[in-house]
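Undergrad: For reference, the chains in residue letters:
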Amino acid sequence: MEFHQHTGIVRALDSVSLDLYPGRVLVVVGESGCGKSVTARAMLRILDRNGSITAGEVILDPATPQQLNLTALPPEGSRIRSVRGGRIGLIFQEPMAALSMQYTVGNQMMEAIRAHRDPGKAAARERAIALLHEVGIPRPETRIDAYPFQLSGGLRQRVGIALALAADPDVLIADEPTTALDVTTQAQILALLRRLQRDRRIALMLITHDMGVIAQMADDVAVMYLGRIIEFAPVRDLFRWPRHPYTRALLRSVPDLDAAPRQRLATIGGAVPQPGARPPGCPFHPRCPEVIPGRCDISVPAPVPPGEAGAACFLVEDVAA
Amino acid sequence: MNVLEVSGLSKHYPIVAGMMRREIGRVRAADDVNFAIESGETLALVGESGCGKTTVARCILRAIRPTSGAIRFAPEDGRMVDLAPLSRGALRPLRRHIQLIFQDPYASLNPRMMVGDIVTEPLLVNGVPGPEREARLLELLDLVGLPAVARTRFPHAFSGGQRQRIGIARALALNPRLIVADEPVSALDVSVQAQIINLLLDLQDRLGLSMLFVAHDLGVVRHVSDRVAVMYVGRIVEVAPTIALYATPRHPYTRALLAAVPKADPESRDTVTAPRGEVADPANPPSGCAFHPRCPFAIDRCRVDRPELFEVAPGHLSSCFRANEPALLA
Numbered sequence: 001m002e003f004h005q006h007t008g009i010v011r012a013l014d015s016v017s018l019d020l021y022p023g024r025v026l027v028v029v030g031e032s033g034c035g036k037s038v039t040a041r042a043m044l045r046i047l048d049r050n051g052s053i054t055a056g057e058v059i060l061d062p063a064t065p066q067q068l069n070l071t072a073l074p075p076e077g078s079r080i081r082s083v084r085g086g087r088i089g090l091i092f093q094e095p096m097a098a099l100s101m102q103y104t105v106g107n108q109m110m111e112a113i114r115a116h117r118d119p120g121k122a123a124a125r126e127r128a129i130a131l132l133h134e135v136g137i138p139r140p141e142t143r144i145d146a147y148p149f150q151l152s153g154g155l156r157q158r159v160g161i162a163l164a165l166a167a168d169p170d171v172l173i174a175d176e177p178t179t180a181l182d183v184t185t186q187a188q189i190l191a192l193l194r195r196l197q198r199d200r201r202i203a204l205m206l207i208t209h210d211m212g213v214i215a216q217m218a219d220d221v222a223v224m225y226l227g228r229i230i231e232f233a234p235v236r237d238l239f240r241w242p243r244h245p246y247t248r249a250l251l252r253s254v255p256d257l258d259a260a261p262r263q264r265l266a267t268i269g270g271a272v273p274q275p276g277a278r279p280p281g282c283p284f285h286p287r288c289p290e291v292i293p294g295r296c297d298i299s300v301p302a303p304v305p306p307g308e309a310g311a312a313c314f315l316v317e318d319v320a321a
Numbered sequence: 001m002n003v004l005e006v007s008g009l010s011k012h013y014p015i016v017a018g019m020m021r022r023e024i025g026r027v028r029a030a031d032d033v034n035f036a037i038e039s040g041e042t043l044a045l046v047g048e049s050g051c052g053k054t055t056v057a058r059c060i061l062r063a064i065r066p067t068s069g070a071i072r073f074a075p076e077d078g079r080m081v082d083l084a085p086l087s088r089g090a091l092r093p094l095r096r097h098i099q100l101i102f103q104d105p106y107a108s109l110n111p112r113m114m115v116g117d118i119v120t121e122p123l124l125v126n127g128v129p130g131p132e133r134e135a136r137l138l139e140l141l142d143l144v145g146l147p148a149v150a151r152t153r154f155p156h157a158f159s160g161g162q163r164q165r166i167g168i169a170r171a172l173a174l175n176p177r178l179i180v181a182d183e184p185v186s187a188l189d190v191s192v193q194a195q196i197i198n199l200l201l202d203l204q205d206r207l208g209l210s211m212l213f214v215a216h217d218l219g220v221v222r223h224v225s226d227r228v229a230v231m232y233v234g235r236i237v238e239v240a241p242t243i244a245l246y247a248t249p250r251h252p253y254t255r256a257l258l259a260a261v262p263k264a265d266p267e268s269r270d271t272v273t274a275p276r277g278e279v280a281d282p283a284n285p286p287s288g289c290a291f292h293p294r295c296p297f298a299i300d301r302c303r304v305d306r307p308e309l310f311e312v313a314p315g316h317l318s319s320c321f322r323a324n325e326p327a328l329l330a
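Those sequence lines, one after another, are chains E and S. Take 1 as the starting number for the first sequence in this note's numbering and just add one per residue. Take 1 as the starting number for the second sequence in this note's numbering and just add one per residue.
No lab work stands behind these hints: they were computed from the structure. Hints may be right or wrong, so weigh each one.
[Unchecked claim] Label pairs and their in silico Cβ distance ranges:
1. S:Thr271 to E:Gln263: 21 to 27 angstroms
2. E:Glu290 to S:Asn324: 51 to 57 angstroms
3. S:Arg276 to E:Asn50: 44 to 50 angstroms
4. S:Glu134 to E:Met96: 43 to 49 angstroms
5. S:Ser186 to E:Ser17: 29 to 35 angstroms
6. E:Gly270 to S:Glu267: 30 to 36 angstroms
This structure is a prediction, so every number in the text was calculated from the model and none was measured. Here a beta-carbon is modelled for each residue, glycine too, at the ideal position from N, C-alpha and C.
Next up, chain E with everything else stripped away, as it sits in the complex (with noise of 0.2 angstroms):
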């Protein structure tokens, strides 16, 4: 997919492709500008207006008799509205992003509750302390007649997750649910999010820069950056046995509980270039410590085939070669 910006086109997603299974875990994973929040709401077409799906398709329930074509759907037509927060939940970094301010929790879930299959005014407000007491939220009866700033933010994330649940998805994203909140709180949400995505068996991708986060969460983990897939790998071989150097540089870079005082870490030189600026070949090559002259700087290593693990790198594929 591209933006159109006034400084030119910048493709901001290139061949990305991911699945996502009922009951199992995706973290995609990379730095600012990696591309993997606009991979989600690429997927969910609520793309700023000046961004376009160049190539490529998002198949809701693929290969059965109900698959859907989201990227076919008009953004803003009834069909594609009744995906987002339908079949799909969305959970947001700033769960203030999701919340009004004006109206209490208990209208806001009941708004979502009945928008998608509306079973009265009772039954919805049954409902909604139904899911909110299934998100932890202690004395749901009361709670529900709260207004969002009376909440501390950790109870404000239940509440975001409780309405995306609202309408019972099978897909769940949480574009960085935990970065926000105080580490305490954020092992609460993430034993939480696991919870729920085991009992409903959600399809849950959880997007994050945190490699904590993601060896606690993902069965399976895309390592992005600069708008590709870079690596994609089920999470114990990631860690065990990264492939590409960037994510081996990264796996390195995390400060570690256990170091020794005053342990210097390994870093990856330079930084991450403006997405306007991509440098040709690989695009990570100007920073990788592996790199071989003539080659990665010229050409661009194949996309790793979906649904395989792998690595979008020269060196990997002399191996297999």
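Place chain S on chain E using the hints.
TA: Same frame as chain E, but now just chain S:
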């Protein structure tokens, strides 16, 4: 020799109500905080949002006036000044000795000033002559790993990590006795964060910096600090040398904090635990020990008496009544 000695430091904010703005309560943002920083030492102040770590830092910078307590600071060897009661005018000549590194590298640099002017502004304000400023600028840029050409460019031309280097160069310009760093790497990407942590470690070694490092990320703190003070609801609950704090935490809150950190190891999945409940409200803290409603070790006494810090091992203080019991050591 200590650069800073904080004793009995409190900052309370009144809660007012009604037309007469009657005081109906107080938020104890910092409450009887005590610690010292030795010359060349980095002390980390850690805790969750609202615990008072930034309030303490702001009191030391005298951006705010503490409600009570002393902030004894050594602008030079052998002289100690209590910053707490000083007026703006009296603080002025002392300010150059304490410098701040900000969290947000985007908001803390004036976008209309060239990098050279940003870094040398503290020198200009303190009357350092032009040629000397020039020489010092080149030295500072080199120290933080920026090319000399950076001086004629504007902040927008730099990435977040490079901007943080500019902010560090500015903080170092006057050779301060104490650096206060408030979450200096939390806004950065992982790969850049590692570069800045290493830079801070280099600067500590080369310049013997004394630093108060305010942070919430226990992984980062482990790398850069010599000692760690843990705050909860306005009070320090544990202080220890870094290794001891991580290896043998002696306060249940510190234990909970460490156990909640998601470890970057998929094999450790079921070892990460969350403490029950939520951080207490500093306007209405629980009686006794503020952590008792969440504490798995709480006994009746914790609900009634407020524990004070005491030494549990050399240089290791805890404010838990049960800090010496085997249950907590396990």
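Undergrad: Does each hint fit the structure? Answer for all of them.
TA: Comparing the hints with the structure gives:
no.	hint	verdict
1	S:Thr271 to E:Gln263: 21 to 27 angstroms	holds, 22 angstroms
2	E:Glu290 to S:Asn324: 51 to 57 angstroms	holds, 52 angstroms
3	S:Arg276 to E:Asn50: 44 to 50 angstroms	holds, 46 angstroms
4	S:Glu134 to E:Met96: 43 to 49 angstroms	holds, 48 angstroms
5	S:Ser186 to E:Ser17: 29 to 35 angstroms	holds, 33 angstroms
6	E:Gly270 to S:Glu267: 30 to 36 angstroms	holds, 32 angstroms
Comparing the model with each earlier hint shows no violations; every hint is respected.
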